[in-house]
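Participant: Sequence:
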Amino acid sequence: MDPLTNAPRIQLDRSFDTNDRLTQQHTIIAPAASQLTDGQTFTLGDGVNEVVFEYEDVLVGNGVTPGRVRIDFNTAALDPIIGAHTPEPAWVIAARLRDAINSPQVQSLLDITAALSDGTQRDSQSASFQSNDIRINLFGNAIITTNSTTLSADLVNTEANDVLAGAVVSGIVGGNSDRFRASGFIGDNTNLAEASNDVDLIQVSLVGGERITVDIDTPSGSSLDSFLRIFDEFGFPLTQFVSDDDSAPGEVVSLDSFLTFTAPTSGIYYIGVSSFDNEDYDPFVEGNANSVGSSTGAYSIEILRPDLIGSVGIQVHDAYGDANHFRDQGQLIINANRISNSGEFAIEVGPGARQTINNQPVDGAPNPGAVRNTREL
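Using numbering that gives the first Met the number 0, read the sequence shown as starting at 0 and increasing by one per residue.
By construction, these hints were calculated from the structure, which means they are not laboratory data.
Note that this is a predicted model, so its numbers are computed, not measured.
Any given hint might turn out to be false.
Label-pair restraints from in silico Cβ distances [said to hold, decoys possible]: (1) Leu58 x Asp231: 24 to 34 Å; (2) Leu237 x Val291: 54 to 64 Å; (3) Thr261 x Glu49: 29 to 39 Å; (4) Pro103 x Asp244: 31 to 41 Å.
Note that the Cβ used here is the ideal one computed from N, Cα and C, for glycine as well.
Based on the sequences and whatever the hints tell you, model everything.
Facilitator: As structure tokens, then:
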């Protein structure tokens, strides 16, 4: 209250954006094509059913897993304005995500609809009316799960991997996976006179400029003092990328190894795991080393792509709007209408068809929820 006039005061405690959603809902933030990889997925559910959406790189053209909803993207689309091939922007992907969620295939399973946050429901045929919005507002009980892909291998039972020709293929090709994990043991190659001269080599295929991190961790009881090296596809060591006792972010100081590597050019690279003191071995000849390793033992390795963007971004809204307004979307409210002497008149209130073709409902399509009739006759 104003102490002078006793008039009530209103004090705002936050600012509002015109696109703020004053409701408890979710918004999807679409990535650009340059941030996507073929086969990435995310799952959208409504608490009853789930649908998996899979990104398809049209330049790869290998299709999607049966039963999944396909979302195309192109990393070399022709830009009609500049006349060059560039990755599709995020707003193009956003429109495809919106249309896929609103498609009959998805609507027959999920009680969720989608619209761009600027209100655009469908792009016009004219490019001048296309929205550049990258946010897709979801309406309904949306449950979103961004799925990651982890590749794995057993390095213990693969002892041909002491040389490049027998390197374990990680499966990481051009950024198709979030990470690679494996367990190994330095010292399990019985062909060597010195067990500590054992080496494990792992192959990755990277795009120029792509960054990976390589993390070695030893379990309790392992005496391994690890060492990491990187080789190019011809077997030449990249001497600026080595690691001895380097801790990964958040880890305590130890004898484990950790390094960050950015591929200078597109191609195949090899990651070498060995014991400290066996850091100058020949990757072409098994056991050919200038010195004897200092230790043996078990380890685990994780190759991570830290710059990989998730299949979608998720923005959660938890604010409330006017409590006197219905929260349902797409409803028609008829109020302030009073009918008297209604012996010959009536208002019929019922749910409309959710999907129609030529104004006729589609067989098997779900209907909206129950109608709220607050009549006064």
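Participant: May I ask you to test the hint 24 to 34 Å on the CB atoms belonging to Leu58 and Asp231?
Facilitator: For Asp231 against Leu58, whose Cβ atoms are near 25 Å apart, the range 24 to 34 Å holds.
Participant: Would you say the C-beta atoms of Thr261 and Glu49 sit inside 29 to 39 Å of each other?
Facilitator: holds (37 Å)
Participant: Can you let me know if the beta-carbon spacing of Leu237 and Val291 is within 54 to 64 Å?
Facilitator: With Cβ atoms ~24 Å apart, the hint is violated.
Participant: Has the hinted range 31 to 41 Å been met by the Cβ atoms of Pro103 and Asp244?
Facilitator: violated (58 Å)
Consistency note: the structure conflicts with the earlier hints numbered 2 and 4.
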